[in-house]
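Residue numbers (our numbering), protein chains in the order written: chain A, 11 to 491; chain B, 85 to 680.
Among these hints, one or two may not hold up.
Derived lysine-lysine pairs resembling PhoX-like cross-links, with alpha carbons at most 20 Å apart [to be verified]: (1) Lys668/B with Lys467/A; (2) Lys467/A with Lys477/A; (3) Lys180/B with Lys241/A.
Derived contacts from chain A toward chain B, CB cut-off under 10 Å, selection only [as the list claims (entries may be wrong)]: (4) Ser95; (5) Ala118; (6) Ala121; (7) Ser311; (8) Ser315; (9) Gln320; (10) Ile339; (11) Met464; (12) Lys477; (13) Ser479.
No lab work stands behind these hints: they were computed from the structure. Using N, Cα and C, we set each Cβ at its ideal position, and we do this for glycine too.
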Amino acid sequence: MKKRVLTSALFLAAALAVSACGNKEQTGAQDGGSAGKVTDSSVAEKGDTQEDSAQAGDKVKIRYAYWGSTFENEAMQNIARKYESLHPGVEIECIYIPNADYTTKMSAMIASGDEPDIANLFASDFMVWAEQGRLVNIDEWMEKDERYRYEDFIPNCFFEVQNGEIAGRSIANELMQLYYNVDLFQEMGVEPLPANPQEALTWEEFVTVCQKLTVDVNGNNALSPDFDPEKIRTYGIDFQKSSAVWSAFVYQNNAPVLSEDGSEYKMDDPASVEAIQKLGDLINVYHVAPDPLTASSTNMSTTSSLQSKQVAIICDGTWTNLDLSSIDINYDVACLPKMSGEPCFSSATSVCSIFNTCENVDVAWDFYMFLADPDNAIELYSSGLWMPLMIKYYEDEELIAKWADPETTSHTDGFRECAVEYTKYPNKLNPETCVIGWTKLDAVISSALDSVWMGEKTAQEVLTEIKPSVEELVKGYIKMK
Amino acid sequence: MRRWVWGRIERISLKNRIILLVLVFGILPMLFFSSVSYFSSKRQIVENAKSNLMQNVKKNNELITNYLERVEEAGLMFTIDPALEAVMNSDPPSMKTEVLHQNLAIKECMNKYFLGIPKVFSAHLYTDYYRMVGNYTISNYKPPMYVPYDDFTKSFLYEQAAEAKGKMRWIPTYRFEEAYEVPEYEGVAYDYEYLFSAVKQVNCVRDKDRPSPVLIISFRPSFFEDILESREELGLPEAPEYYIVDEAGCVVYDSKQESLSQKSDIAVRLGLTQKSGAKLVRDQGVKYLAAYDTLGLMGWKQIILVPEKSYISSLSAIPRALFVTSLTVSAVFILLVGGMVNGMMKAIHLLLNGMNRLGSGEFHLHLPRTHDSEMNMLVDKFNEMDERICTLIQNNYEMHIREKEAQLAALNMQLNPHFLYNTLNTINAMAISNKQLEISRAIVSLSKMMQHTLSVEGECCRLCEEIDGLMDYFELMKFRFMDAFEVRLDIEEALMQTWVPRLIFQPLIENAIVHGFADLEKGGVILIKGRTDTDGMRSFWVEDNGRGFDGESREKQSHFGIRNVRHRLELLYGAKQEFHISSKAGKGTVVWFRIP
Numbered sequence: 011m012k013k014r015v016l017t018s019a020l021f022l023a024a025a026l027a028v029s030a031c032g033n034k035e036q037t038g039a040q041d042g043g044s045a046g047k048v049t050d051s052s053v054a055e056k057g058d059t060q061e062d063s064a065q066a067g068d069k070v071k072i073r074y075a076y077w078g079s080t081f082e083n084e085a086m087q088n089i090a091r092k093y094e095s096l097h098p099g100v101e102i103e104c105i106y107i108p109n110a111d112y113t114t115k116m117s118a119m120i121a122s123g124d125e126p127d128i129a130n131l132f133a134s135d136f137m138v139w140a141e142q143g144r145l146v147n148i149d150e151w152m153e154k155d156e157r158y159r160y161e162d163f164i165p166n167c168f169f170e171v172q173n174g175e176i177a178g179r180s181i182a183n184e185l186m187q188l189y190y191n192v193d194l195f196q197e198m199g200v201e202p203l204p205a206n207p208q209e210a211l212t213w214e215e216f217v218t219v220c221q222k223l224t225v226d227v228n229g230n231n232a233l234s235p236d237f238d239p240e241k242i243r244t245y246g247i248d249f250q251k252s253s254a255v256w257s258a259f260v261y262q263n264n265a266p267v268l269s270e271d272g273s274e275y276k277m278d279d280p281a282s283v284e285a286i287q288k289l290g291d292l293i294n295v296y297h298v299a300p301d302p303l304t305a306s307s308t309n310m311s312t313t314s315s316l317q318s319k320q321v322a323i324i325c326d327g328t329w330t331n332l333d334l335s336s337i338d339i340n341y342d343v344a345c346l347p348k349m350s351g352e353p354c355f356s357s358a359t360s361v362c363s364i365f366n367t368c369e370n371v372d373v374a375w376d377f378y379m380f381l382a383d384p385d386n387a388i389e390l391y392s393s394g395l396w397m398p399l400m401i402k403y404y405e406d407e408e409l410i411a412k413w414a415d416p417e418t419t420s421h422t423d424g425f426r427e428c429a430v431e432y433t434k435y436p437n438k439l440n441p442e443t444c445v446i447g448w449t450k451l452d453a454v455i456s457s458a459l460d461s462v463w464m465g466e467k468t469a470q471e472v473l474t475e476i477k478p479s480v481e482e483l484v485k486g487y488i489k490m491k
Numbered sequence: 085m086r087r088w089v090w091g092r093i094e095r096i097s098l099k100n101r102i103i104l105l106v107l108v109f110g111i112l113p114m115l116f117f118s119s120v121s122y123f124s125s126k127r128q129i130v131e132n133a134k135s136n137l138m139q140n141v142k143k144n145n146e147l148i149t150n151y152l153e154r155v156e157e158a159g160l161m162f163t164i165d166p167a168l169e170a171v172m173n174s175d176p177p178s179m180k181t182e183v184l185h186q187n188l189a190i191k192e193c194m195n196k197y198f199l200g201i202p203k204v205f206s207a208h209l210y211t212d213y214y215r216m217v218g219n220y221t222i223s224n225y226k227p228p229m230y231v232p233y234d235d236f237t238k239s240f241l242y243e244q245a246a247e248a249k250g251k252m253r254w255i256p257t258y259r260f261e262e263a264y265e266v267p268e269y270e271g272v273a274y275d276y277e278y279l280f281s282a283v284k285q286v287n288c289v290r291d292k293d294r295p296s297p298v299l300i301i302s303f304r305p306s307f308f309e310d311i312l313e314s315r316e317e318l319g320l321p322e323a324p325e326y327y328i329v330d331e332a333g334c335v336v337y338d339s340k341q342e343s344l345s346q347k348s349d350i351a352v353r354l355g356l357t358q359k360s361g362a363k364l365v366r367d368q369g370v371k372y373l374a375a376y377d378t379l380g381l382m383g384w385k386q387i388i389l390v391p392e393k394s395y396i397s398s399l400s401a402i403p404r405a406l407f408v409t410s411l412t413v414s415a416v417f418i419l420l421v422g423g424m425v426n427g428m429m430k431a432i433h434l435l436l437n438g439m440n441r442l443g444s445g446e447f448h449l450h451l452p453r454t455h456d457s458e459m460n461m462l463v464d465k466f467n468e469m470d471e472r473i474c475t476l477i478q479n480n481y482e483m484h485i486r487e488k489e490a491q492l493a494a495l496n497m498q499l500n501p502h503f504l505y506n507t508l509n510t511i512n513a514m515a516i517s518n519k520q521l522e523i524s525r526a527i528v529s530l531s532k533m534m535q536h537t538l539s540v541e542g543e544c545c546r547l548c549e550e551i552d553g554l555m556d557y558f559e560l561m562k563f564r565f566m567d568a569f570e571v572r573l574d575i576e577e578a579l580m581q582t583w584v585p586r587l588i589f590q591p592l593i594e595n596a597i598v599h600g601f602a603d604l605e606k607g608g609v610i611l612i613k614g615r616t617d618t619d620g621m622r623s624f625w626v627e628d629n630g631r632g633f634d635g636e637s638r639e640k641q642s643h644f645g646i647r648n649v650r651h652r653l654e655l656l657y658g659a660k661q662e663f664h665i666s667s668k669a670g671k672g673t674v675v676w677f678r679i680p
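Construct the complete structure from the given sequences, taking the supplied hints into account.
Structure, rendered in structure tokens:
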């Protein structure tokens, strides 16, 4: 009897306690639900937490702005999360701005005092803002940081501005490559393109290959007499008409854009003219590439065009590897065709800087170098987005395998020869990266080149015509370290 | 009927009656009040939820309208932009390069107006000379989304724009591949499978023979995600379902991502036919709270569905706690009461049991005490009673024996032996002197018999002495009854020296003579037998062939003499003796007893 009373009393007490707890939890959920939800979602979200939760107050927040494709955005988000997990007191806000809007957006943010802490910048914008003194001098930080020395990095990696200040570093090492659809080549019975620069096709060979791959709606390729250039179904090659691309071919032809010291316009040099004309002929003589008007209004992104076999070869920077490896396509990389002289590689990179409005430069610096060091952010390199800035990653077999091995990374078989080995050749920076005030120069030059691409003027005509107007705009090269 | 019910009620045991009462008058009211409280709370919650949701829906629509109105305004301003007008009204380009450059100029103009609006996925302008102008990113130099140039005029987007004649028209979510014929998209990864667009004929071309350009501003349905699902201050355990449908039922947005661009009758099905409102609905067997509001700009309805169990779970915990507590208390109460009653019943049963045992002669039961003071009183009294009865019987019994002994003693003492013997001697002398030998013999027998009978020398004597005494008695009886009977002896020689209770046979013989031979004139025989049994006990028979009686008459047995013998045997030998009397009418009587 006693036992019974005791157990009943205990049971009653327990029941009351449970219902009281339940009560508290629920009122808690009703009133302070947002707090609980925010804490959970701030970890799961893409880092865009702007709410004033207790959590944010304790963490250091670093805002990092960049452009790119959706895949690139995803990759950056992942690396930010990785960094956060290694540094629990830090929160990284990723600000993704599509390319077209980038300069505008960035300008607007600066104007309203809302600039990010770290940002990728186009070189020309970089120069402007560096001159305005908006960027942190990372030279000081390099000195203090024992982990890194300038010698560890590839040449021409750091951007020097007035007073010898280093205002930025390359985002990554990049170069222009050819990407081709392996399945389409097989279907058309064409030999795969060579990846090794020593075995690169000559220009003539290259054109022929493109002709074989260019097919009209009736199935005739560009070599056939029945070929109809008005009704092309598949193009052999598509390339951007931006300076990054055409300068790569100019350099391949051992031709200059500006003079060695950067003081003179040199595109009227016969070798430069020849290179430009060759590109133009691809479009208008051989009909293997679409003109800009057709290209810009046809179809999908370049990667999708390659995937859907509307174009057999594209020419783009090594960052394209990330996008291509993320979709369902059997592709490989190849080196640019030989034009004359030795192969050289044209790197096409932009700048990454820290704004001096950043409140926690030490933390920003840490993340800034975290990204540049494949030891830490290996995913950004093995996924194909970037190529390392640090020399040892081109020299040490083991380290090379970490980011370039076709078995374990996202890269294809040809990448090793085409990209890794390519960097052993002389490097010529594309004008976008190293010419001061290139935006203005490019506006004139690229605009003029449109006539060449449209087949209405020759390269010789155009490049000579613009010389007077361009000359005034030449301001020299950015100093690099 | 009533009788039957009453009968049933009466038959319910005490324990169950108590429980029933507790339930009816204690628990039920508690449960009743707590459920009333629960349901009224629930109703309040529903009302709150309704107004909450309505607010939410309206706020969402405000935000959406904000964004979309910007597009409308931008569209308006774009139409009258001087730079655009200049380009569109300039002479047809002679060189393809010019086409390219003007295309770029138009793009710049579009950027001015539409680039700044967040969440716009793409902006295109369909023109005659300048082809399709679209915003594009540097890395791809192509617009994020493709709109075909050649067949655009065949698409429903173009149709809608033409119909609207310059007003901006909103096209609900459609599948990209359905809007345009694009077989090359098969197997290709692209991120704009579903889109909704604003189309507008841009009437900036003065030449009436030239077609007007058409503006297409496109969004992806995820546009709504950010607005709708960021308002999680609803505090619901799971996200509700959102729908945006146009007037014809085309699904613009579906939070479950199942029915985008398809036709749905959800608004009609759930009866959400007003401009806005909130109500409880039932869909496919599940109860929901639905709130909806219409976007004024293009008549699209935003519907939010919250399953009932979702907001019920956030029901105030107090009535629930009350409910639970009352249930628990009820249960505990029943247990406790049951326990108590059980305990009580146990004690009563114990007493009943004790009474039974007492009744059948078991004493000194010493029933155990219980925890209950009232019951203890009972138990104590019972135990007392037990002891008292026991004592009473003992006393009674003992008293009875003493009485008997007293009687015997009195009997013994009744006759003063000396006086008796002297008187008999005198009579004897007189008889002898008168030569009356028979009278002398009789007197001597009487004297001897009386000596034997009144002897105070102990309870027992030797059997031979007893037999001698008996013989004397017989002599006397012979005189009286004039040889009507004779006595025979059949006793083992060994038994003669054993000790027997004094005068044990006497009453038996007397009975035989007085009752058995009452009608007999002659031929009566009394046989006295004595044997040693195999177990050492001694058996004695007194048999007569007198009148007898049938069976074992109780009357005879309770006759003083028989009783005496029995009693004495019991007293002397306790359980170790046996006594039996049997007879048959007309045949005779046998009295048999056995002693150790």
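Here's how the hints hold up against the structure:
no. : hint                   : in the structure
1   : Lys668/B with Lys467/A : violated, 166 Å
2   : Lys467/A with Lys477/A : holds, 16 Å
3   : Lys180/B with Lys241/A : holds, 18 Å
4   : Ser95                  : violated, 25 Å
5   : Ala118                 : holds, 8 Å
6   : Ala121                 : violated, 13 Å
7   : Ser311                 : holds, 5 Å
8   : Ser315                 : holds, 8 Å
9   : Gln320                 : holds, 6 Å
10  : Ile339                 : holds, 9 Å
11  : Met464                 : holds, 4 Å
12  : Lys477                 : violated, 19 Å
13  : Ser479                 : violated, 16 Å
Violated hints, listed in ascending order, are 1, 4, 6, 12 and 13; each of the other numbered hints is respected by the structure.
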